[in-house]
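Colleague: We have chain A already, so just place chain B on it with the hints.
Residue numbers (numbering that gives the first Met the number 0), protein chains in the order written: chain A, 0 to 327; chain B, 0 to 327.
Source of the hints: derived by calculation from the structure; they are not laboratory data. Predicted, not measured: the structure shown is a model, and the values here were computed from it. Keep in mind that a hint or two might mislead.
Put simply, identical chains are the same to the list, so a pair is met inside one copy or across any two.
Stated by the list, open to error - Taking lysine-lysine pairs in the DSSO-like style, the calculated list, with each CA pair at most 30 Å apart, reads:
(1) K195 - K149
(2) K97 - K195
(3) K97 - K149
(4) K257 - K273
(5) K149 - K273
(6) K273 - K218
(7) K317 - K97
(8) K218 - K317
(9) K257 - K218
(10) K195 - K273
(11) K257 - K317
(12) K97 - K257
(13) K195 - K317
Number of protein chains: 2
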Amino acid sequence: MSIRIGIFGYGNLGRGVEAAIRQNPDMTLAAVFTRRDPAALTIATAGVPVVAAADVAAWTDRIDVMILCGGSATDLPTQTPALAAHFNVIDSFDTHAKIPAHFAAVNAAAAASGKVGIISVGWDPGMFSLNRVYASAILPDGQDYTFWGKGVSQGHSDAIRRVEGVADGKQYTIPVEAALEAVRSGSEPTLTTREKHTRECFVVAEEGADRARIEAEIKSMPNYFADYDTTVHFITAEELRAEHSGIPHGGFVIRTGKTGLSGEHRHVIEYSLKLDSNPEFTASVLVAYARAAHRLAAAGERGCKTVLDIPPALLSAKSPEELRATML
Amino acid sequence: MSIRIGIFGYGNLGRGVEAAIRQNPDMTLAAVFTRRDPAALTIATAGVPVVAAADVAAWTDRIDVMILCGGSATDLPTQTPALAAHFNVIDSFDTHAKIPAHFAAVNAAAAASGKVGIISVGWDPGMFSLNRVYASAILPDGQDYTFWGKGVSQGHSDAIRRVEGVADGKQYTIPVEAALEAVRSGSEPTLTTREKHTRECFVVAEEGADRARIEAEIKSMPNYFADYDTTVHFITAEELRAEHSGIPHGGFVIRTGKTGLSGEHRHVIEYSLKLDSNPEFTASVLVAYARAAHRLAAAGERGCKTVLDIPPALLSAKSPEELRATML
Numbered sequence: 000m001s002i003r004i005g006i007f008g009y010g011n012l013g014r015g016v017e018a019a020i021r022q023n024p025d026m027t028l029a030a031v032f033t034r035r036d037p038a039a040l041t042i043a044t045a046g047v048p049v050v051a052a053a054d055v056a057a058w059t060d061r062i063d064v065m066i067l068c069g070g071s072a073t074d075l076p077t078q079t080p081a082l083a084a085h086f087n088v089i090d091s092f093d094t095h096a097k098i099p100a101h102f103a104a105v106n107a108a109a110a111a112s113g114k115v116g117i118i119s120v121g122w123d124p125g126m127f128s129l130n131r132v133y134a135s136a137i138l139p140d141g142q143d144y145t146f147w148g149k150g151v152s153q154g155h156s157d158a159i160r161r162v163e164g165v166a167d168g169k170q171y172t173i174p175v176e177a178a179l180e181a182v183r184s185g186s187e188p189t190l191t192t193r194e195k196h197t198r199e200c201f202v203v204a205e206e207g208a209d210r211a212r213i214e215a216e217i218k219s220m221p222n223y224f225a226d227y228d229t230t231v232h233f234i235t236a237e238e239l240r241a242e243h244s245g246i247p248h249g250g251f252v253i254r255t256g257k258t259g260l261s262g263e264h265r266h267v268i269e270y271s272l273k274l275d276s277n278p279e280f281t282a283s284v285l286v287a288y289a290r291a292a293h294r295l296a297a298a299g300e301r302g303c304k305t306v307l308d309i310p311p312a313l314l315s316a317k318s319p320e321e322l323r324a325t326m327l
Numbered sequence: 000m001s002i003r004i005g006i007f008g009y010g011n012l013g014r015g016v017e018a019a020i021r022q023n024p025d026m027t028l029a030a031v032f033t034r035r036d037p038a039a040l041t042i043a044t045a046g047v048p049v050v051a052a053a054d055v056a057a058w059t060d061r062i063d064v065m066i067l068c069g070g071s072a073t074d075l076p077t078q079t080p081a082l083a084a085h086f087n088v089i090d091s092f093d094t095h096a097k098i099p100a101h102f103a104a105v106n107a108a109a110a111a112s113g114k115v116g117i118i119s120v121g122w123d124p125g126m127f128s129l130n131r132v133y134a135s136a137i138l139p140d141g142q143d144y145t146f147w148g149k150g151v152s153q154g155h156s157d158a159i160r161r162v163e164g165v166a167d168g169k170q171y172t173i174p175v176e177a178a179l180e181a182v183r184s185g186s187e188p189t190l191t192t193r194e195k196h197t198r199e200c201f202v203v204a205e206e207g208a209d210r211a212r213i214e215a216e217i218k219s220m221p222n223y224f225a226d227y228d229t230t231v232h233f234i235t236a237e238e239l240r241a242e243h244s245g246i247p248h249g250g251f252v253i254r255t256g257k258t259g260l261s262g263e264h265r266h267v268i269e270y271s272l273k274l275d276s277n278p279e280f281t282a283s284v285l286v287a288y289a290r291a292a293h294r295l296a297a298a299g300e301r302g303c304k305t306v307l308d309i310p311p312a313l314l315s316a317k318s319p320e321e322l323r324a325t326m327l
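Okay, chain A solo, but in the shape it has when bound (with noise of 0.2 Å):
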């Protein structure tokens, strides 16, 4: 039997989900909802229904696993609560600070319908959150770092884009190469935001902007520019289009850590990402974690869980048995 899916929004994550699901044979999707015009939106998918969101409750018996696809924001907060009231829901909420309250309402909603619930699932939170549990329980006496980029982030990008004279921009995280070699290194070293990442601007100024101005005021913004070196570049809308209309990100996981009864050795764990497409990386982290959520609700679980929980083999299409004699 098919592990049918449920598309929850349907922007960059959600067709990330569509296609992602096209990648594992042992899964359909069942049905996209919608918030807007169901009648307006045409899917990738030839012949699976587009609903409206207000009529989702009556797909309990049609629907495995629900993907959610919207912000972390505004949307998922009441969204994943709600939908676990139905259904087993996966979800990539990505507000760390906000991560034990929306793990608690997730968990009080699936807890009572019965529902298994996974959040904060896709690579940070997720694949990161895993890299530093793992590595930190491996070697307790050590440092983690993380580091994003080089890719693009929204939440600049729409910073650059409210400055007056910006026609339109793009953000990129990079992360400061000597400052990886020296976390590489092993030596633990205490480091400032601005060592760690630098910042890089692609604006398209409107005509007869003050192109100073719109460079300064975008280089002291607090907390998104003036803690960093921060490069502002003023290109055109077609090079904006034709050079910076992707959706790269990535980044580093590392944990250096000493062994011995004196301490005498040390390791370096390092986990890093190189993504072309964020939304359809985390789109797949999603798609694998609702095999797991489908897994452990016809075992009898319930509640929320996050990636920390969920046992690795479970994301797999193969079986425990063939993973042991070909993966492990």
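Modeller: Using the frame of chain A, we list chain B on its own:
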């Protein structure tokens, strides 16, 4: 209550476990078991009993998890099932091809005794296996690559020492940088054995031995060296001791894959280890999984498991709430 750990076998790995336990405040070394004369063995931890292996069954109520530190060739295939009749056990069984048979033997013993066994814990099998499974579940349309080194291969060093005229020797396995780069490019190259790794040998020749014959014999040795580009350096016993007495190792697990409706986006997932001490790092992984075994046993689980079956949170000394608040 501290987790009471037993160490079964006191070689490099056993000493590594002893050191790792000191880095984990929730654990105590309860006893070391040896097949040697216990009176002749001095361990690094004062006040901890050294016990004859033959007397191990008397310790059932005083050990929460037994960590087996013997070899995969002859020790673990019999020891792990035998000890699983009395204890929760962890081993580092690393003969990949024989894992299914070993799993079956340990599972039968642990299921009957009501204990938990976790086998093939370490870094390969172990952390590398985890990364192969995670990455292939996330990117089904892709390719896995594992590289080892730079590091000392005990098996290859032993092979060198069996050559006539060789007094001592050490062998390093080295990944080929060009192969790593080709893999990271996402081109999914097909690589031969020779293209992936080189082998570097440091050899102490006996006085008067024919060095040319030794070098030729090493380089043409089937299975061990014939399929590789091998370099042989003759050095003195003093140089070997001064520069090659460590047991470093490491390696890389890389998966590249495509996503998107027509596979238009590429992704690279890379996990790497750089280890000053192979046995101490392996020991640190064993100790983290001992914590998981203790928790699983306390929760009523029984039978054999591998790293693929263990929820990551169980490895950490932190509570699930703390992990969600600080590490996710």
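Colleague: Decide, hint by hint, whether the structure agrees.
Modeller: Hints, verified against the model:
Proximity of K195 and K149 under a CA criterion of 30 Å is satisfied in both settings, with 12 Å inside one chain copy and 28 Å between copies. In this homomeric assembly, K97 and K195 come within 30 Å of each other (Cα to Cα) only inside a single copy, at 24 Å, whereas the closest approach across copies is 45 Å. Proximity of K97 to K149 under the C-alpha cut-off of 30 Å is restricted to the intra-copy arrangement: shortest distance 26 Å within a copy versus 42 Å between copies. In this assembly of identical chains, K257 and K273 lie within 30 Å of each other by CA distance both inside one copy and across copies; the values are 28 Å within and 12 Å between.
In this homomeric assembly, K149 and K273 come within 30 Å of each other (Cα to Cα) both inside a single copy, at 8 Å, and across copies, at 23 Å. Only within a single protomer do K273 and K218 lie at most 30 Å apart by alpha-carbon distance; the minimum there is 27 Å, versus 38 Å between protomers. For the homomeric pair K317 and K97, the shortest alpha-carbon distance between copies (19 Å) is at most 30 Å, but the shortest distance inside one copy (34 Å) is not. Neither within a single protomer nor between protomers do K218 and K317 lie at most 30 Å apart by alpha-carbon distance, with minima of 50 Å and 39 Å respectively.
With identical chains, the CA atoms of K257 and K218 are never at most 30 Å apart, being 39 Å at best within one copy and 36 Å at best between copies. Proximity of K195 and K273 under a CA criterion of 30 Å is satisfied in both settings, with 18 Å inside one chain copy and 22 Å between copies. Proximity of K257 and K317 under a CA criterion of 30 Å is satisfied inter-copy only: 19 Å between copies versus 36 Å inside one chain copy. For the homomeric pair K97 and K257, neither the shortest alpha-carbon distance inside one copy (33 Å) nor that between copies (32 Å) is at most 30 Å.
Taking the closest pair of Cα atoms, K195 and K317 come within 30 Å of each other only across two copies (27 Å); inside a single copy the shortest separation is 39 Å, beyond that limit.
Comparing the model with each numbered hint stated earlier shows that hints 8, 9, 12 do not hold.
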